[in-house]
Every structure is written in C-alpha cells, then in structure tokens.
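Peer 1: The residues making up each chain are set out below.
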Amino acid sequence: MMIEPLYIDGHGPLHRVPAAPKLALLVVAGLVLFAVRDPRWLGLAAALAALLVWSTGVGAAALWRQLRGLIWVLAAIGVFTLVFQGWLAAAAVLLRIAALVGLALAVTLSTRSSALIAVCEQALRPLQRLDLLDAGKVALALALALRFVPEIWRHYQEIREAQAARGLARHPLALVVPLVVRTLKRAEQVAQAIDARS
Amino acid sequence: MLIEFDQAVVATPHSQALKGVSLTLAQRRIGVVGPNGAGKSTLAKLLNGLVLPTTGRVLVDGLDTRRDLKAVRRRVGFVFQNPENQIVYPIVREDLAFGLKPLGLPAAECARRIGARLDELGVGHLADRASHTLSGGECQLVALASVLVMEPALVVFDEPTTQLDLRNRNRVARAIGALDRPAVVVSHDLDLLGDFDRVLVVVDGRIAADDAPGPALRWYREHCA
Numbered sequence: 001m002m003i004e005p006l007y008i009d010g011h012g013p014l015h016r017v018p019a020a021p022k023l024a025l026l027v028v029a030g031l032v033l034f035a036v037r038d039p040r041w042l043g044l045a046a047a048l049a050a051l052l053v054w055s056t057g058v059g060a061a062a063l064w065r066q067l068r069g070l071i072w073v074l075a076a077i078g079v080f081t082l083v084f085q086g087w088l089a090a091a092a093v094l095l096r097i098a099a100l101v102g103l104a105l106a107v108t109l110s111t112r113s114s115a116l117i118a119v120c121e122q123a124l125r126p127l128q129r130l131d132l133l134d135a136g137k138v139a140l141a142l143a144l145a146l147r148f149v150p151e152i153w154r155h156y157q158e159i160r161e162a163q164a165a166r167g168l169a170r171h172p173l174a175l176v177v178p179l180v181v182r183t184l185k186r187a188e189q190v191a192q193a194i195d196a197r198s
Numbered sequence: 001m002l003i004e005f006d007q008a009v010v011a012t013p014h015s016q017a018l019k020g021v022s023l024t025l026a027q028r029r030i031g032v033v034g035p036n037g038a039g040k041s042t043l044a045k046l047l048n049g050l051v052l053p054t055t056g057r058v059l060v061d062g063l064d065t066r067r068d069l070k071a072v073r074r075r076v077g078f079v080f081q082n083p084e085n086q087i088v089y090p091i092v093r094e095d096l097a098f099g100l101k102p103l104g105l106p107a108a109e110c111a112r113r114i115g116a117r118l119d120e121l122g123v124g125h126l127a128d129r130a131s132h133t134l135s136g137g138e139c140q141l142v143a144l145a146s147v148l149v150m151e152p153a154l155v156v157f158d159e160p161t162t163q164l165d166l167r168n169r170n171r172v173a174r175a176i177g178a179l180d181r182p183a184v185v186v187s188h189d190l191d192l193l194g195d196f197d198r199v200l201v202v203v204d205g206r207i208a209a210d211d212a213p214g215p216a217l218r219w220y221r222e223h224c225a
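Sequences listed follow chains A and B, in order.
Throughout the first sequence, residue numbering follows my numbering, covering 1 to 198 in sequence.
Throughout the second sequence, residue numbering follows my numbering, covering 1 to 225 in sequence.
Among the hints, a few may not be true.
[Claimed, not checked] Some but not every residue of chain B turned toward chain A, in silico, with C-beta under 10 Å:
#1 Lys45
#2 Asn48
#3 Phe78
#4 Asn82
#5 Gln86
#6 Glu94
#7 Lys101
#8 Met150
These are calculated hints, taken from the structure and not from any lab test.
Cβ coordinates follow ideal geometry from the N, Cα and C atoms, glycine included.
Could you build all of it, start to finish, from the sequences and the hints given here?
Peer 2: Laid out in structure tokens, this is it:
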C-alpha cells in the first residue's frame with residue numbers, strides 16, 4: 001500500500017477558489033450539518049458534496065482507495081444507530097457523515113497542502129500576537145506531519161518484513177518498539193537538519 | 001573563506017570525540033577521511049555550529065560559531081548523509097522555499113531561485129514531486145539544491161555518496177566538482193577526493209595526516225586498512 005498525496009492537479013471550479021474561503025466554508029458547513037436533523041436536507045447536502053468531489057476530476061480508483069477504509073466505520077455506525085434509534089436516525093447520521101467527508105475531501109483534492117498550511121499559519125497569527133504560540137512553528141509541524149507519515153508507514157513495513165524474514169509471527173510489541181525507537185532517532189536527525197538551515 | 005580551529009575539543013560525558021584540533025582551512029576542496037567513529041562527522045558539524053566545541057574555538061571568516069551562530073549558519077550549508085532527513089516539506093518546491101523563508105524575499109524571486117537551482121543540478125522536473133517518492137539519488141540532489149538555494153559561502157557534505165548506486169554517485173560527484181564555491185567533504189569514497197586540494201585523515205579524535213590527496217590517502221590506506 002502506498003500513501004498518496006490527496007491533491008489533484010486540475011482546473012475545476014474548486015481549484016480556482018483560494019484556500020482560505022474554502023476552509024472557512026468547510027468549517028461553517030460542518031457546524032450547520034450538525035444542527036440540521038432532517039434526512040432530506042442532509043441527503044441534499046451529501047449529493048452536493050458528491051457533486052463537488054466529482055468536479056475536482058478525481059478518478060474513481062483513487063477515490064475508492066481513499067474511502068474504502070471508511071466503509072466499515074460507516075457500516076458499524078449505521079447498524080448501531082439503526083438498532084437503537086430507528087432507520088430515520090440512521091439515515092440522518094450516515095448522510096451527515098457522508099456530506100462532511102465529501103466536503104472535506106473536495107477541499108483537500110482541490111487545494112495544495114502548502115496552501116492549506118499557509119492558511120493555518122495566517123489564522124494562528126492573532127494567537128502569536130498574544131504570545132500564545134509561534135505560528136511558523138505550528139505550520140512547520142503540520143508540514144512535517146504530512147511529510148513523514150508515509151515514511152513512518154514505510155518503516156513499519158520494513159520492520160515487519162525484517163521480522164517476517166526471520167520467521168517471526170506478527171506481534172504488536174515487537175513491531176511498535178523498534179518503530180518508536182527508529183522514529184525518535186529520525187526525529188532527532190530531522191531536527192538537526194532544520195537547525196542547519198535556519 | 002577562512003576556517004580556523006583553535007584547540008577545539010568536543011567531549012561527551014563518556015568520551016572525547018575530538019581531542020584538541022587546531023587547523024586553518026582555506027582551500028577550495030577539502031576532503032576528510034577516517035575510520036568509523038573517528039570524529040569526522042563531529043569535525044564537519046563544528047563547521048556550522050551543529051556541534052559546538054566543549055573547549056577551544058571554531059572561527060568561520062572570523063565569526064565564532066558559539067557567539068555568532070546565526071551568521072555562521074548563513075555562511076555554511078550542510079548536506080547530510082541521509083538526505084531523506086533533510087527534506088522536511090511534503091513537496092520538493094516547498095522544501096526549497098522553507099530555507100528561503102527567513103530571508104523574506106518576494107515570491108517571484110524565491111520561485112526563480114528555486115527553479116534555477118533545481119535546473120542546475122538536473123532535477124528541475126522534480127519540483128512538484130512528493131518528497132517521499134524521490135529515489136536515493138534524486139533525494140541527495142534535491143537536498144543539495146535545498147542547501148545551495150540559500151547561497152552559502154561554503155558547503156559541508158557528510159558522506160554524500162554513501163547510500164547511492166554508481167550512476168547517482170557519479171551525478172553527485174559531478175555536482176560537487178562543478179560547485180562554484182568551496183566545499184568540505186567527509187567521505188569513505190576515496191575516489192571522490194582524488195582531485196581535491198587537501199585531505200585530512202582523522203583517527204581517534206585527532207588529525208593524523210594532513211596533505212595533498214595522494215600522500216594523505218596513501219597514509220590512510222597504509223595505516224587504517
């Protein structure tokens with residue numbers, strides 16, 4: 001499995017909207033979706049979200065890779081709500097989550113990660129003026145997370161392979177300990193590299 | 001570019017990585033060789049203040065690495081052994097921009113510099129690639145570009161070809177050869193240092209030999225093999 005960047009190069013209508021208004025609308029939409037309880041409105045929102053995702057020009061295969069992990073979570077929530085609160089509530093919950101995930105996906109598919117990080121940095125500036133945090137450092141932390149998640153996943157696979165090659169069965173502790181040690185060592189080297197360039 | 005080591009000692013609680021090194025470095029290409037754990041990387045990291053001397057001083061163009069750390073880092077770029085650790089942003093272009101951020105240049109000038117540096121090293125086509133998808137050789141060249149884009153006066157390389165195949169090793173060697181500024185290169189790849197101006201052999205925290213590449217590398221082969 002390969003963790004791929006979400007952004008898709010394209011010229012759809014969403015690509016032309018700057019990152020800040022997209023993120024602001026996403027926040028507002030999230031709040032509104034939680035206030036709405038009527039499944040008909042939620043269905044409309046989910047349909048709109050699907051339309052927006054489609055407008056980014058994402059391929060069906062890539063979309064499936066992004067969403068297949070979510071299906072099981074949705075199924076579990078759906079069944080649980082159906083049993084305890086009836087089908088109307090289950091439909092509302094599922095449509096609400098579908099709409100939210102769709103809208104968030106539409107934003108990430110149509111916005112470069114660097115633009116998203118830049119908006120976060122801008123949004124945190126007022127807190128920096130109050131001396132509560134360093135917006136630049138928060139932005140760097142976000143970038144580092146995006147950069148190194150695929151690498152940590154690769155390390156996990158390498159450790160798993162090395163243990164499989166020695167005939168060891170899958171054991172959580174035997175995987176987690178070397179992974180944490182390796183990640184911490186790596187973090188130290190990355191910190192030094194950042195120091196060297198600052 | 002003038003670098004002076006004045007009785008520089010680097011000590012940890014358990015051992016001494018460098019035991020009182022005094023040197024003056026002014027040549028354009030200086031190689032550093034030595035056995036594993038001899039103190040080569042420590043010596044290299046003293047040059048831009050990643051390691052500070054426990055006692056003694058290191059001066060870069062008269063600037064003390066302890067007192068004028070920021071100015072020294074501006075002057076001395078550092079390319080690490082594992083370039084993957086050096087590329088900290090998710091996209092290649094963003095990573096190069098990260099180094100330029102403190103300089104406060106206009107966006108257009110940043111973009112121009114980034115494009116020019118990547119093209120110079122023959123990796124212009126990688127500008128929009130995700131960092132974690134680069135191969136070892138591409139990674140090393142991008143790491144070099146990310147250092148050069150900041151226009152350092154001196155570039156320090158810590159084993160730049162150790163993890164590369166022959167073709168990529170040659171690409172990096174050519175890039176070092178073509179560099180328009182002085183370089184200090186720590187390496188186990190002795191062929192890389194053959195046409196350098198000066199080679200230091202570090203053994204057990206001391207400079208054991210300091211000569212032209214021919215005699216210095218001969219000494220190293222005779223005494224450390």
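Peer 1: State for each hint whether it applies.
Peer 2: Here's how the hints hold up against the structure:
1. Lys45: holds (8 Å)
2. Asn48: holds (6 Å)
3. Phe78: Holds: closest Cβ of chain A sits about 4 Å from Phe78 of chain B, inside 10 Å.
4. Asn82: With Cβ-Cβ at 7 Å, under 10 Å, it holds.
5. Gln86: Status holds, d = 4 Å.
6. Glu94: holds (5 Å)
7. Lys101: holds (8 Å)
8. Met150: holds (7 Å)
Checked against the numbered hints above, the structure breaks none of them.
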